[in-house]
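Undergrad: Letter by letter, the chains look like this.
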Amino acid sequence: MGSGMSSNAIRGPDSETALRVKALESLLLEKGLIETAAIDELIELFENRLGPWNGAKVVARAWTDPDYKTRLLQDGTAAIAEMGFEAVQGEEMVVVENTADVHNIVVCTLCSCFPWATLGLPPVWYKSAPYRARTASDPRGVLREFGTEISEDTKVRVWDSNAELRYMVLPERPAGTERLDETALAELVTRDSMIGVSKVARPD
Amino acid sequence: MNGVHDMGGMHGLGVIVREEDEPVFHEEWEGRMLALAHAMMAGFCFKLDEFRHAMERIEPSHYLRSSYYERWLEGTITLLLEKGVITQKEFDARLDDLAGRKG
Chain A
317 MGSGMSSNAI RGPDSETALR VKALESLLLE KGLIETAAID ELIELFENRL GPWNGAKVVA
377 RAWTDPDYKT RLLQDGTAAI AEMGFEAVQG EEMVVVENTA DVHNIVVCTL CSCFPWATLG
437 LPPVWYKSAP YRARTASDPR GVLREFGTEI SEDTKVRVWD SNAELRYMVL PERPAGTERL
497 DETALAELVT RDSMIGVSKV ARPD
Chain B
19 MNGVHDMGGM HGLGVIVREE DEPVFHEEWE GRMLALAHAM MAGFCFKLDE FRHAMERIEP
79 SHYLRSSYYE RWLEGTITLL LEKGVITQKE FDARLDDLAG RKG
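Going line by line, the protein sequences match chains A and B. Be aware that the first sequence starts at 317, since it is given in the working numbering, and climbs by one per residue. Be aware that the second sequence starts at 19, since it is given in the working numbering, and climbs by one per residue.
It cannot be assumed that every hint is accurate.
As the list claims (entries may be wrong) - Listed next, the stretches of chain B that the computed footprint assigns to chain A, with coverage defined by at least 3 CB atoms under 8 Å from CB atoms of chain A:
#: 1; region: 39-52
#: 2; region: 91-99
Claimed, not checked - Derived PhoX-like pairs: lysine-lysine, alpha-carbon spacing no greater than 20 Å straight-line:
#: 3; chain 1: B; residue 1: Lys65; chain 2: B; residue 2: Lys101
#: 4; chain 1: B; residue 1: Lys120; chain 2: A; residue 2: Lys338
#: 5; chain 1: A; residue 1: Lys385; chain 2: A; residue 2: Lys373
#: 6; chain 1: B; residue 1: Lys107; chain 2: A; residue 2: Lys347
#: 7; chain 1: A; residue 1: Lys347; chain 2: B; residue 2: Lys101
#: 8; chain 1: B; residue 1: Lys107; chain 2: A; residue 2: Lys338
Just so you know, the hints here were simulated from the structure itself, not pulled from any lab data. Ideal Cβ positions, reconstructed from N, Cα and C, are used throughout, including at glycine.
Here chain A stands alone, though its shape is the one from the complex (with noise of 0.2 Å):
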């Protein structure tokens, strides 16, 4: 829910909104202006092959390559390219270091923005008029209620985000992590981590 409330109108495959998306494509797949296998195509898309393992994978190269980790943060787009994920509709791309003096957080206040090439799409909370509205006011207190305490001495930073510009957060290897290879680093690295609105835990 864009505003974090429900309606039943909407829910269920007879719903009217859902009747309304059928006659839609059926009249665009009527006039020829778009294929089923297409339609289906870009679903699989984007419910199977973009998500946060891609980022993870990106985040676990930056912790084990240094040389790669400064191309990362210099041209993020190419850098991401370079790992075969690729901007969906031309987006550019940058990436953000947390480190111990500075916590990047990601927000997109006017609708939902988000790296799909690296994430996926958003949750939707990430969507919500919650959380659009108040990482830009407060964004120590939404981090609060993510969980994540961040030290007074901490700056944080807060990035909006736009349909050209889209930001993806790289955050700080945990201790206890340094016998760890790139792909069990990986499999420690999570979508709010990447959001920035949580830290990457340490192993147990």
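Got chain A; can you put chain B on it based on the hints?
TA: Just chain B now, kept in the frame of chain A:
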């Protein structure tokens, strides 16, 4: 111009509601809606900026009550009607057909 969509800093909107193990789409139509809008943009029926603007033109109280993909649906229909790609009459007729209603 600001508007209800320009939410940065707005007060009183409540707590952030999160869902564990959230699916990519909550309803089958949401995925189809996303794909339809992308196909329209890929086929140059409308551009991303126009699309966002069409959603920003949704009447404010309706905008706040709508779910994310309902806004995609409204924005897409608005643009396709404005550009003459579809007409209201044929859309309503198709909807009635699918709903098993008499037009």
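Undergrad: Work down the list of hints and note, for each, if the structure agrees.
TA: Now for the hints, and whether the structure bears them out:
Only when three residues or more bring their CB closer than 8 Å to a CB of chain A does the claim for the region 39-52 of chain B stand; here the count is 11, and the claim holds. Note: the region 91-99 of chain B has 4 residues with beta-carbon separation from chain A under 8 Å; the three-residue rule is met and the coverage holds. Using a Cα cut-off of 20 Å, the hinted pair Lys65 (chain B) and Lys101 (chain B) holds, with the two alpha carbons roughly 12 Å apart. Among the hinted pairs, Lys120 (chain B) with Lys338 (chain A) is consistent with the structure: their alpha-carbon atoms are about 17 Å apart, no more than 20 Å.
For the suggested pair Lys385 (chain A) and Lys373 (chain A), the alpha carbons sit about 12 Å apart, so the restraint of at most 20 Å is met. Proximity of Lys107 (chain B) to Lys347 (chain A) is assessed by CA-CA distance (about 15 Å); at most 20 Å being required, the pair is judged to hold. For the hint linking Lys347 (chain A) to Lys101 (chain B), the alpha-carbon distance of about 14 Å falls within 20 Å, and the restraint holds. Taken as a hint, the Lys107 (chain B) and Lys338 (chain A) pair is honoured in the structure, with Cα atoms around 16 Å apart against an allowance of 20 Å.
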